[in-house]
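For the protein sequence lines, the chains are Z and V, in the order given. Note that the UniProt record's numbering gives residue 170 to position 170 of the first sequence, counting from 1, and the numbers run on in steps of one. Note that the UniProt record's numbering gives residue 41 to position 41 of the second sequence, counting from 1, and the numbers run on in steps of one.
No lab work stands behind these hints: they were computed from the structure. Here the structure is a predicted model, which means the values were calculated and not measured. Heads up, the beta-carbon is just placed ideally off N, CA and C, and yes, glycines get one too. It is possible that some hints are incorrect.
Label-pair ranges, simulated between beta-carbon atoms [what the hints assert, rightly or not]:
1) Z/ARG184 <-> V/ALA201: 41 to 47 Å
2) V/ASP134 <-> Z/VAL127: 47 to 53 Å
3) V/GLU190 <-> Z/SER15: 54 to 60 Å
4) V/ASP258 <-> Z/GLU32: 53 to 59 Å
5) Z/ASP307 <-> V/SER26: 32 to 38 Å
6) Z/ASP307 <-> V/ARG260: 36 to 42 Å
Some chain V residues close to chain Z (C-beta under 10 Å, calculated; not the full set) [stated by the list, open to error]:
7) SER15
8) PRO17
9) SER20
10) ASP25
11) ARG61
12) ALA254
Protein chains: 2
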Amino acid sequence: MVVTSHDVARLAGVSQPTVSRALRDSPKVSEETKRRVREAASALGYVPSETGRALSSGRTRRIGLLLTDLENQFYPHVIAPMHRELEALDYQLVLQTETDDTGRVAERLLANGLDGVLLATTTVDSVLPVRLRDRGVPFVYFNRTSESVEADSAEVDPGGGLRQLADRILGLGHRRVGAIFGPRNTSTAEQRETALRDALAVGGVSISAALSYRGPFDFATGHAGALHLLQREDRPGVVVCGNDVVAYGALNAARELDLRVPQDVSVVGFDDLPAARWPLLQLTTVAFDLDAMARRAASLLVDRIEDPAAPFRHERFPSRLVERGTLGAAP
Amino acid sequence: MVVTSHDVARLAGVSQPTVSRALRDSPKVSEETKRRVREAASALGYVPSETGRALSSGRTRRIGLLLTDLENQFYPHVIAPMHRELEALDYQLVLQTETDDTGRVAERLLANGLDGVLLATTTVDSVLPVRLRDRGVPFVYFNRTSESVEADSAEVDPGGGLRQLADRILGLGHRRVGAIFGPRNTSTAEQRETALRDALAVGGVSISAALSYRGPFDFATGHAGALHLLQREDRPGVVVCGNDVVAYGALNAARELDLRVPQDVSVVGFDDLPAARWPLLQLTTVAFDLDAMARRAASLLVDRIEDPAAPFRHERFPSRLVERGTLGAAP
Chain Z
1 MVVTSHDVAR LAGVSQPTVS RALRDSPKVS EETKRRVREA ASALGYVPSE
51 TGRALSSGRT RRIGLLLTDL ENQFYPHVIA PMHRELEALD YQLVLQTETD
101 DTGRVAERLL ANGLDGVLLA TTTVDSVLPV RLRDRGVPFV YFNRTSESVE
151 ADSAEVDPGG GLRQLADRIL GLGHRRVGAI FGPRNTSTAE QRETALRDAL
201 AVGGVSISAA LSYRGPFDFA TGHAGALHLL QREDRPGVVV CGNDVVAYGA
251 LNAARELDLR VPQDVSVVGF DDLPAARWPL LQLTTVAFDL DAMARRAASL
301 LVDRIEDPAA PFRHERFPSR LVERGTLGAA P
Chain V
1 MVVTSHDVAR LAGVSQPTVS RALRDSPKVS EETKRRVREA ASALGYVPSE
51 TGRALSSGRT RRIGLLLTDL ENQFYPHVIA PMHRELEALD YQLVLQTETD
101 DTGRVAERLL ANGLDGVLLA TTTVDSVLPV RLRDRGVPFV YFNRTSESVE
151 ADSAEVDPGG GLRQLADRIL GLGHRRVGAI FGPRNTSTAE QRETALRDAL
201 AVGGVSISAA LSYRGPFDFA TGHAGALHLL QREDRPGVVV CGNDVVAYGA
251 LNAARELDLR VPQDVSVVGF DDLPAARWPL LQLTTVAFDL DAMARRAASL
301 LVDRIEDPAA PFRHERFPSR LVERGTLGAA P
């Protein structure tokens with residue numbers, strides 16, 4: 001005889017959906033009920049079938065997070081809060097890495113039977129959002145958006161923090177400002193670059209092409225970019241980095257060149273990751289609530305899965321300057 | 001009419017399993033065949049059903065990785081290679097975090113329909129391996145083992161690296177050796193502590209209880225441990241840390257106390273994570289092939305799932321000392 005969740009429900013004196021929820025350890029079920037359901041399941045030798053559950057509901061309760069570089073130090077601080085939020089909502093987080101062929105990524109996501117996808121690395125020119133929309137896979141933009149397809153989004157508003165930063169940079173007498181921007185085909189890099197340039201322009205300062213460097217948001221970009229900028233005759237007095245991980249690379253390049261930070265050169269990041277607070281780094285950076293933003297992206301996606309017809313929501317998290325030790329007076 | 005994978009197979013002129021593999025983007029299928037299968041699927045409007053696949057095979061092709069602290073800087077360097085290896089083997093990686101109640105973890109893993117589990121945080125006294133064995137869920141020990149239940153394992157042999165380290169510490173004239181060990185209920189901490197003590201004992205040096213500190217393998221442990229040890233009258237000349245993340249905490253504590261590394265105190269790690277190479281850290285550490293070890297754990301688990309009756313395999317990865325800038329002569 002095959003024992004089903006209905007048998008367990010009967011023995012425990014609860015409804016069948018409650019059995020599923022209790023065995024998934026859902027926070028919606030009381031501890032007392034969970035205990036009763038577990039005892040009933042154990043007495044009957046019931047083994048819950050995830051496959052059966054997916055068949056009956058049409059849902060797998062699995063959500064993909066699409067990333068590129070899993071070893072980038074930014075992602076743990078995104079994965080952890082998304083995982084926590086999804087766990088509380090009874091969903092599992094499945095990591096998916098992006099390959100060059102976005103058409104294939106869409107097929108793989110579909111074949112994997114995901115209820116929805118969190119897009120953390122969208123480029124503005126990606127066709128993936130179009131493919132996902134055409135195939136009816138719910139998704140949310142996290143930290144990056146694309147204008148090709150509208151979807152719920154959780155991103156930073158870099159304006160507040162970067163205006164405070166520009167004020168401070170100008171106040172410290174900097175005129176030769178360098179920057180290591182993110183990739184041009186990401187909304188995040190575009191928005192940060194525009195906000196920084198606009199805010200510096202108020203003080204009559206611009207970032208010349210010669211003092212600009214551009215690359216992926218990673219350590220290698222910061223390292224190579226700073227080695228390039230800081231060995232110029234007209235070395236910038238401050239290097240504004242696309243994010244904290246880029247700034248880690250820049251700080252290490254400055255050390256390699258025996259330049260003191262901030263006496264010889266100032267370095268600024270964006271994100272305020274935990275290591276920015278390290279006494280060995282003391283990174284001045286632009287902060288926002290990354291943890292809340294990651295959790296919000298997860299809950300936006302669950303809301304979308306449960307109510308596909310709801311109006312789109314675009315959440316922008318405010319930013320602010322956090323001063324530590326790497327921004328000083330112009331040399 | 002419902003289009004099935006058999007219809008796609010017929011149109012593409014391949015077998016049904018090849019259709020599944022092609023649509024999962026398996027490396028075992030040629031690019032040409034994948035193209036033909038995709039075209040056939042597209043022509044017929046076929047949407048692969050992961051649920052149907054699980055029903056027909058009894059497998060979900062999903063593997064859980066059980067972790068505690070997702071934000072620990074050690075894990076990205078474990079998750080990334082495991083993910084790559086599993087992707088190549090057509091499996092998905094699902095993150096699972098451990099709670100205090102291991103009984104519930106086992107139930108949750110079962111309810112989630114995983115084909116197997118990678119255990120990365122096992123304590124020697126955990127009942128989880130027993131529960132998994134009793135319920136027939138295949139698992140592999142990664143980096144930590146437990147003697148309660150035998151299972152395939154991939155771990156470090158710390159002996160080689162720690163003997164080299166002890167030789168070097170003794171050769172540099174250190175006699176007051178301090179240590180920040182990992183938790184006593186983990187095989188990793190036990191093995192490293194025993195290997196270090198044995199190797200130092202050859203030179204007549206022991207680590208006193210007063211110069212020992214113990215805690216989870218994280219930044220906070222290294223920071224608190226070093227603040228504690230380095231403010232003693234009989235400050236140790238070298239602090240050997242349970243792993244690199246602990247050593248990051250210790251280096252930052254030394255900076256806070258205005259102690260120069262290695263002139264005033266030496267600090268050593270274990271793992272050789274990428275940041276150990278940072279010019280700002282230059283951490284002397286014990287290295288092993290963490291990437292290969294993580295991939296191996298993943299492939300051991302897949303082998304176990306596919307052949308439950310095979311003999312157990314225990315793989316121990318050799319270690320060696322990597323000298324950088326944080327180990328110097330006794331002060």
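Evaluated hints:
Between Z/ARG184 and V/ALA201 the C-beta distance comes to about 59 Å, which lies outside the given range of 41 to 47 Å. Checking the proposed 47 to 53 Å range against V/ASP134 and Z/VAL127 shows it holds: the Cβ atoms sit about 48 Å from each other. For V/GLU190 and Z/SER15, the hinted distance range of 54 to 60 Å is not satisfied, since their beta carbons lie about 48 Å from each other. About 56 Å separates the C-beta atoms of V/ASP258 and Z/GLU32, a value consistent with the hinted range of 53 to 59 Å.
A beta carbon spacing of about 35 Å between Z/ASP307 and V/SER26 agrees with the range 32 to 38 Å that was offered as a hint. Between Z/ASP307 and V/ARG260 the CB atoms are about 59 Å apart, so this pair departs from the stated range of 36 to 42 Å. For the restraint placing V/SER15 at the interface with chain Z, the shortest Cβ-Cβ distance is roughly 17 Å, beyond the 10 Å limit, so the hint is violated. Of the supplied interface hints, the one on V/PRO17 is violated, with its beta-carbon coming no nearer than about 14 Å to a beta-carbon of chain Z, more than 10 Å.
The interface hint given for V/SER20 holds, since its Cβ lies 8 Å from the closest Cβ of chain Z, which is under the 10 Å cut-off. Contact between V/ASP25 and chain Z, as hinted, is supported at the beta carbon level, the nearest pair being about 5 Å apart and thus within 10 Å. Taken as an interface hint, V/ARG61 checks out: its beta carbon lies about 9 Å from the nearest beta carbon of chain Z, inside 10 Å. The interface hint given for V/ALA254 holds, since its Cβ lies 9 Å from the closest Cβ of chain Z, which is under the 10 Å cut-off.
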